[in-house]
Amino acid sequence: MTFLELLGYFNYWVFAILLAVGLYAVISKTNLIKKLIGLSIFQSAVFLMYITMDKVEGGTAPIIQAGVENPVFSNPLPQVLILTAIVVGVSTLSLGLAMVVRIKECYGTIEENEILDAD
Amino acid sequence: MIYIFALFLLTLLVITAIAIVRAEDLFVSVILTTIFSLLMAINFFILDAADVALTEAAVGAGVTTVIFLCALALTGDQEKPQKQGQKVALVIVSILALVIIYSTFDNPQLGDPDAPVHQHVAPWYLEKTPEYMDFPNVVTAILSSFRGYDTLGEVFVVFAACIGVLFILGVSPPRKAMQVSVKKSGLRHHLIPQVVGRLLIPFIVLFGLYTQFHGEYGPGGGFQAGALIATGVILFALLEGEAEALRAVPRRVLLGMVVGGALLYGSVGVVCMLMGGAFLDYSVLAADPVWGQQLGILIIEAGVGMAVCGALLSIFHAFAARERVS
Amino acid sequence: MIDLALDILSWILLTIGGVCVLIGGIGGLRLPNFYTRIHAASLTDTMATLLIFIGIILQAGFTLASLKLFAIMLFLLLTGPTATYALANAALLSGLKPDTGTAKDKTKENAPE
Amino acid sequence: MDLLTHLPALQVVVPMLSAPLIVLLQPRGLAWAGATAAAVVSFAIAIALTFAVLDGQTLEYAMGGWPAPYGIALSVDAFSALVLLVITGASTAALLAAKPSIDQQIEVERQPFFYSAWLLVLSGLVGIVVSADAFNIFVFMEISSLASYILIAGGPNRRALPAVFKYLMMGTIGATFYLIGVGLIYMMTGTLNLADIQARLGDVTEINPILVAAGFITIGLALKAAVFPMHVWVPNAYTHAPHMVTVFLAACATKVALYVLIRFDYMIFQTTFAEHQIQFAMFLMPLAILGILMASAVAMFEGHIKKLLGSSSIAQIGYILLGVSFVSMAGLSASAMHIFNHALAKGGLFLAVACLAYRYRDLRLSQLGGASARMPWTCAAFVVCGLSLIGVPGTAGFISKWMLISAALETGPWGWGLVAIILVSSLMAVVYIWRIVEALYFQAPIEGDTSMSEAPVQLLFVTGLVALMNIYFGLFPHIPLELANSAATLLMEGSL
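Chains as they are written, first to last, in our numbering: chain A, 4 to 122; chain B, 227 to 552; chain C, 1179 to 1291; chain D, 186 to 681.
Watch out, some of these pointers could steer you wrong.
[Stated by the list, open to error] The calculated lysine to aspartate or glutamate pairs, modelled on EDC-like cross-linking and capped at a C-alpha distance of 20 Å, are:
no.: 1; chain 1: D; residue 1: K351; chain 2: A; residue 2: E115
no.: 2; chain 1: B; residue 1: K306; chain 2: A; residue 2: E114
no.: 3; chain 1: D; residue 1: K492; chain 2: A; residue 2: E114
no.: 4; chain 1: D; residue 1: K351; chain 2: A; residue 2: E117
no.: 5; chain 1: D; residue 1: K351; chain 2: A; residue 2: E60
no.: 6; chain 1: D; residue 1: K351; chain 2: B; residue 2: E305
no.: 7; chain 1: B; residue 1: K306; chain 2: A; residue 2: D120
Read the hints as simulated data drawn from the structure, not as lab findings.
Modelling step: build the complete structure from the supplied sequences, incorporating the hints.
Here it is in structure tokens:
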């Protein structure tokens, strides 16, 4: 396998690493906001995976332009899916933050272990 | 050449992600998250996903950061150092990453035109969009018509988030009495940001409207437009004070936008049904099916824009209006 | 002939712009305290933006793209300095005093870094 | 097109579009009426769909009029009809009974948001069930999850908040895992439609990404379905949610994730992997058995009535998974049947708990003494549903337990061991249900007040009705049985 061929997988490796970094924050951090930040990295990694597969060598964004001979377009479908997924991510995040704010008000802390101790 | 650039950006992305997780000051984490989003947006752009890049920049780097900062103002921005559990987590996620990396060697390579994804469904969209919709942006065509049902779902996800935040933050904070309400005046006494803001906000909103109505021809559409306009109004709120922003666009109007946008989208579907088509089959809306598609897409994009803009602003105000309890 | 001249000019501008970004970056890393650092960063905001954009506009020629680039340049020239101002102002309000050169200030300044 | 062809779409659209309308309703009291009306309509649609598919037919619907692999398709078959009945039925029953309990737990100003979220959960869950598109399932999964976080966060106790935050974390990770799996499958096949994926997966030569996809999808959905080692969010979320929300979610929320898991495993992966049966037996069956035994054991020592029933739910998920892991006709129809019957039994039990909660602040077993004297009807309904949960002959629970046992016997030499496990866990169920009954009937009352004070008629009536249905479907089970059998046939054939 040549170096260039390996390079073709680099995006997927970054996806795997970002996924791991995000999940690590979710699992190991006790601070609830840090967990949410980790969750958003985790989701972003998936976005990267989807968008990576849409690319076609030498292609352009899938907007059809008149007068271009034999146009090559990248795949529009993963882009549509990720547009939806980004919205879902933001929605989850804002709901989670609202909960964290209420937890802070009710418990006076946003550290998970201190919350467990309080009950 | 562009791939070398992408290589650099992706490496930077990983470094930023690790820095985000390591930073103990949550404020630093949030700002780094913004940088992370921008890098991600540039990557999306390099990978030919202009619409997604626009959304990630407007939402990930714009609105999300503001909501995070509002929440941080309420919860405090220092993370407490922790003692145990990190090793186990590190082992688990390393295994996960290695499994994925191992499996990627069977994936199609980046940019391979023979990959299965480019053979089956997608070419049909590229071929049929000019015929059925007669406009150039295939992403918009799929988003609002071919897979319009997903987008309807997406609008209701946003709607759910909006009513959720209003519901959860709808109870008044305990021990409110000890707080003396400080009138939030924004950056009113700062002349320079205010003047520049006044200059820019109309253009931001204008650009939002352009994105809304030009979505069939270039990158953009209801979602990006909603997020951009919301960003403009949030900037106004930061400069002139939250009360001033609420006087311009009151809460009831915002909620009305969310509900109205969601209903507008749904009712287009129902009208299609009544006129003899399937749910969300816009072709029946006009005598000429192409016209029907264009009309339907215009209306539902407006619905998406309204709902998203209203929801993001409602969420922002719900956080911003809350007082900190210490 | 005129094309070649424009091309050379634009590359000169682009190169100087790039150097400005580099200097800004080095300054951000090397300078001793907050205020001097944002001073370095503002070089990237203004000088580099101006040079690079004019360089690209020369490359693009007299087209719609140039107009868009000009609009972006205007936008960046407006927002960059404003952001720097807001940053400095916020730092001042939150209690970070500028370094006036006396020894007493210096020890105070370096502590939180 | 006539109304019947539109039913699969209407099933989702009616509750979905009612949700924003309810936010607008003034005065606030109308929100309950509006939500209930929408739920009743969707229940009626589910019944109509059930009759349309009873003969083994599959209804298809092309959203937006676009043909299947290009547009999003909906499909309703016997299996989906069964799950639709459970979801809409549980939602209708819970909403009909809800008003007194909700008025007690949630302020009037916040109620429109609450009922609106309720309808979103409903439309999200039915949207998952009727969808035949892998990505569309994700979108509706997120609608239902986000809305159910809202419902649970409405709980009166502050402990609801950490519980729901944990649910949010695990739910989002589960959904994202599912999304990764779908992405990998899409990468290798180029399509998102389930039938199309099934048809094209056979041509895929590189099996590794598909294997990883199967892992991600199974783990992600197992997280959502609270399969044994991934169940930690369930007991707290159920305990601290408003009581009526517990009724609704305990009856159907986790089962919908299980439904998607079953569909993916049987219709997509089974046709791709040669050794799929063994993977099932090696992976899912131990989890199911461990789940049944551990969760039942936890329930035996639990002191809070809602936590106890929540643990029991995890054990019941184990039963459903056990039947699925046999990979046989009998096992699948037993599982499908148990989805239906457990919803009846657990729904009834949580309704009775809601009745108790109307009079008792503290729901720990030690505080419930003398309840049988104060609330005789409630306690009677509780006992009936409890018997159904144990699986006593004459109740609905018996049918599915019996089917599960006979399916276990068919599996060969290990069958007797499995039967023994089912019997032991049923005995454990006897123990934990008995602990509650003992508290209700034989424990000395804490306070002197033993005058009769039943729950409001509205709440009590629905509770009684569900208890009676436990007996009715124990004696005349043929409608769910027929659906379960044809569901099992469809799944074994691997047809979509």
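Now the hints, each set against the structure:
1. D/K351 x A/E115: Holds, at about 10 Å.
2. B/K306 x A/E114: OK: B/K306 and A/E114 at ~7 Å, within 20 Å.
3. D/K492 x A/E114: 24 Å, violated
4. D/K351 x A/E117: 15 Å, holds
5. D/K351 x A/E60: 42 Å, violated
6. D/K351 x B/E305: Judged against 20 Å, a Cα distance of about 19 Å means the pair holds.
7. B/K306 x A/D120: Measuring from Cα to Cα gives roughly 15 Å; hence the hint holds.
Hint check: violations occur at hints 3 and 5; the rest are consistent with the structure.
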